[in-house]
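Participant: Residue numbers (this note's numbering), protein chains in the order written: chain A, 14 to 517; chain B, 4 to 169.
Read the hints as simulated data drawn from the structure, not as lab findings.
What you are looking at is a predicted structure, and each value in this text was computed from that prediction instead of being measured.
Worth double-checking, as some hints may not be accurate.
No more than 30 angstroms apart at the CA atoms, straight line, and that leaves these computed lysine-lysine pairs for DSSO-like [claimed, not checked]: (1) B:K12 - A:K474; (2) B:K56 - A:K494; (3) A:K494 - B:K22; (4) A:K375 - A:K493; (5) A:K493 - B:K47; (6) B:K7 - A:K92; (7) A:K61 - B:K47; (8) A:K426 - B:K105; (9) B:K12 - A:K445; (10) B:K7 - A:K493; (11) B:K22 - A:K375; (12) B:K105 - A:K381; (13) B:K136 - A:K381; (14) B:K136 - A:K375; (15) B:K47 - B:K30; (16) A:K137 - A:K258; (17) B:K99 - B:K57; (18) B:K30 - A:K426; (19) A:K92 - B:K56; (20) A:K426 - B:K6; (21) B:K12 - A:K493; (22) A:K258 - B:K21; (23) A:K494 - B:K105; (24) B:K12 - A:K381; (25) B:K7 - A:K143; (26) B:K21 - A:K493; (27) B:K56 - A:K453; (28) A:K474 - B:K22; (29) A:K166 - B:K47; (30) B:K21 - A:K375; (31) B:K56 - A:K445; (32) A:K170 - B:K99; (33) A:K375 - B:K56; (34) A:K494 - B:K136; (35) A:K118 - A:K341; (36) B:K22 - A:K493; (37) A:K381 - B:K47; (38) A:K24 - A:K118; (39) B:K57 - A:K453.
The lines below spell out each chain.
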Amino acid sequence: MNEQTKEKKIKKLLISNRGEIACRVIHTAKLLGIKTVALYTPDEKNAKHVQMADEDFSLGEGTLSDTFLNKQKIISIAKESGADAIHPGYGFLSENADFCELVEKAGIIFVGPTFEHIRLMGDKIMSKTKMQEISVPVIPGYNGNDQSAANLKKQAKIIGFPVLIKATAGGGGKGMRIVHKEEDFSASLESAKSEALSSFSNGDVLIEKFITKPRHIEVQMMSDVHENHLHFYERECSIQRRYQKIIEETPSVALNADLRESICKDAVKITSAINYRGAATVEFILDEGGNYYFLEMNTRLQVEHPVTEEVTGVDLVAMQILVAEGKKIPYAQESISQRGHSIECRIYAEDPENNFFPTTGKIHVVGKSDLPGVRLDSGIQNGDEVTVNYDPMVAKLIVHAENRDMAISKMQKAIDDFPFLGLKNNRLYLKKVLDSEAFKEGETWTNFVDVHPELFEQCEKRNFQIENSLYGMFCGGIFKKTNTSSAASGEPELIEDELQKFRN
Amino acid sequence: MAKKLMLGKNLIDGAEFKKDTNGYFVKFNEQETRVEVLHSLGNKIIFNVNGVKKVAHYYADQTGVHLDVEGRSFLLHGPKKSLGKVSAGEEEGQLKSPMPGKVLQVLVDKGESVSTGQPLLVMEAMKMEHTIKSPTDSVVEKVLFEAGDLVEGDVDLIVLAEVKKE
């Protein structure tokens, strides 16, 4: 038995993260009987993840590089607390190969892949080359030195139309042309080159396959150190705003059984080829014709992992910990199946009635739901202040239902159950998306948000019926002042109406 | 009985309000609304608007009533009670930074006439641009920052002359 396959039970786990993902990891660690160590910055001393953990340590004041990105400090806290493993969550140091290497050198288990895996997949060029070696499709393109019109046209024909001509030095759409037919190529090339030359003083271009009606499809992977490389099916995350995913779901409406098998097999081919360890997500772009291309592999747990947990019934964090302990994944590929449909909505501190401007504020009431199959992953509790210090994502709302239509209606109800009162948030926009014909029909391409500006307009439009009824109820003395201490417990009592004085 | 109230940034003034047997009747913005409260427990109120059932979550504190109905959030408060340190009278003609950030562009000069919706200033916060627009037809009285300045949240950026209301 070599060093890597030796089993070692984790007794105490430090989570080098905060917010909902720290809570998520602590939750599973508790179920597994593992003690937990939370880290915090002084402004979050009373945060939910700190309260949940068995032990907590302050990272002190300072910028992120002094706190959650401070590798040495985190490792020394791990040693001081006697933690034998570190779970990095997502973001922060989760895909930092140096951190992973330092952790392992300190004799602490890194709940994740090896630093070599992180390094390989973190390098766009190296990972692409690897994909080509093992015949996993990447977006076809030409980015070479021979810039003659004849060669570029030849390359475009090899790639196959439609193609995208892009300025090598470019950005912001300058020097960019979509060419649908071969006969249009020369004219488009000339105008792209001259635009590139005038904008960037460099007329060089590259040519890429243009993806029509693209969807973001990713496959959840899990590998142990006993050469078991499993997949947990796909997630579709096409609904994005400014490259930020906002709604994710599984299964994807765009995959039939054959396509699903093919894309999942290719993902397994990748984790097998590099003899991966732990959780990963392989991201693909899927076009209208059912062709898919490798984009990147994330070597960590993904934000949207809960939808996979809901339909497969597998606790992915538990699997991560098991694998890190050197154990075998206790499932055979054939026994993992998709049951029902799951959707996740990300709730952001953004105001959809005001151009999605980031918002801050004190959350008085998070909310709760009595609906079965509704899950809220959040690091926020009643009374917490949302500041600009961290990511604006305040929670993930996840539903599970028998089918997609039922999941959509359940999500709409669930969104109403969690008001995050006191903080303007994007729930109204999420509801408008879920309620749109295009979403219901599964016309979910990555440009969804841009091609449906009417959904923003619906958010901005005032609802006078609601406004009038709130006015009426206020004048009627319906709203009672909330008792702060009882609000924090989620069960406020009604007390005397002190608002009376505002009304005269 | 027509009370003045602020609902978010909108003033409700001149509404018709009547109490009847089971609820309230409100007429404002050319909308006739019948509201009936079906159930009220803690922070949650279930009510009927013109026959359609809706749920409101609320939290009332010294700033007013924070409300959420179907994903729309509102702050309802009396017209005299302002939220910041300034009094209501001062608040009216001023435009504040919604977040800490940086002023990118100032689009108007002192003394310039501006119309409702006209962009006055562009600021950047959390990597996003935000345009401050004029809420009313007015004249620019003061410009308090210039491009490149860093600003705190909730500070005055531009002051407009007070406009007389009809």
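Participant: None of the hints should be skipped; say for each whether it holds.
Facilitator: So, going through the hints one by one against the coordinates:
1. B:K12 - A:K474: 14 angstroms, holds
2. B:K56 - A:K494: The given pair, whose Cα atoms are some 24 angstroms apart, holds under the 30 angstroms limit.
3. A:K494 - B:K22: Given that 30 angstroms is the threshold and the Cα spacing comes to 22 angstroms, the pair holds.
4. A:K375 - A:K493: 19 angstroms, holds
5. A:K493 - B:K47: 11 angstroms, holds
6. B:K7 - A:K92: Violated: K7 of chain B and K92 of chain A sit about 62 angstroms apart, past 30 angstroms.
7. A:K61 - B:K47: It holds: about 24 angstroms lies between the C-alpha atoms, which stays within 30 angstroms.
8. A:K426 - B:K105: Answer violated: K426 of chain A to K105 of chain B is near 39 angstroms, above 30 angstroms.
9. B:K12 - A:K445: 22 angstroms, holds
10. B:K7 - A:K493: 19 angstroms, holds
11. B:K22 - A:K375: 34 angstroms, violated
12. B:K105 - A:K381: 37 angstroms, violated
13. B:K136 - A:K381: 37 angstroms, violated
14. B:K136 - A:K375: Holds, at about 26 angstroms.
15. B:K47 - B:K30: 24 angstroms, holds
16. A:K137 - A:K258: With Cα atoms ~21 angstroms apart, K137 of chain A and K258 of chain A stay inside 30 angstroms; holds.
17. B:K99 - B:K57: Given that 30 angstroms is the threshold and the Cα spacing comes to 33 angstroms, the pair is violated.
18. B:K30 - A:K426: 29 angstroms, holds
19. A:K92 - B:K56: Violated, at about 57 angstroms.
20. A:K426 - B:K6: With Cα atoms ~33 angstroms apart, K426 of chain A and K6 of chain B exceed 30 angstroms; violated.
21. B:K12 - A:K493: 22 angstroms, holds
22. A:K258 - B:K21: Given that 30 angstroms is the threshold and the Cα spacing comes to 46 angstroms, the pair is violated.
23. A:K494 - B:K105: Judged against 30 angstroms, a Cα distance of about 37 angstroms means the pair is violated.
24. B:K12 - A:K381: 28 angstroms, holds
25. B:K7 - A:K143: 68 angstroms, violated
26. B:K21 - A:K493: Distance ~20 angstroms between K21 of chain B and K493 of chain A Cα, so the pair holds.
27. B:K56 - A:K453: This hinted pair holds, its Cα atoms lying about 24 angstroms apart.
28. A:K474 - B:K22: 28 angstroms, holds
29. A:K166 - B:K47: Distance ~65 angstroms between K166 of chain A and K47 of chain B Cα, so the pair is violated.
30. B:K21 - A:K375: Violated, at about 34 angstroms.
31. B:K56 - A:K445: Since the Cα atoms of K56 of chain B and K445 of chain A sit roughly 19 angstroms apart, the hinted pair holds (cutoff 30 angstroms).
32. A:K170 - B:K99: Between K170 of chain A and K99 of chain B the Cα gap is close to 56 angstroms, so the pair fails against 30 angstroms, i.e. violated.
33. A:K375 - B:K56: At roughly 28 angstroms apart (the allowed maximum being 30 angstroms), K56 of chain B and K375 of chain A satisfy the hint.
34. A:K494 - B:K136: 34 angstroms, violated
35. A:K118 - A:K341: Since the Cα atoms of K118 of chain A and K341 of chain A sit roughly 24 angstroms apart, the hinted pair holds (cutoff 30 angstroms).
36. B:K22 - A:K493: 18 angstroms, holds
37. A:K381 - B:K47: Given pair K381 of chain A, K47 of chain B holds - Cα atoms ~11 angstroms apart, limit 30 angstroms.
38. A:K24 - A:K118: 19 angstroms, holds
39. B:K57 - A:K453: Judged against 30 angstroms, a Cα distance of about 23 angstroms means the pair holds.
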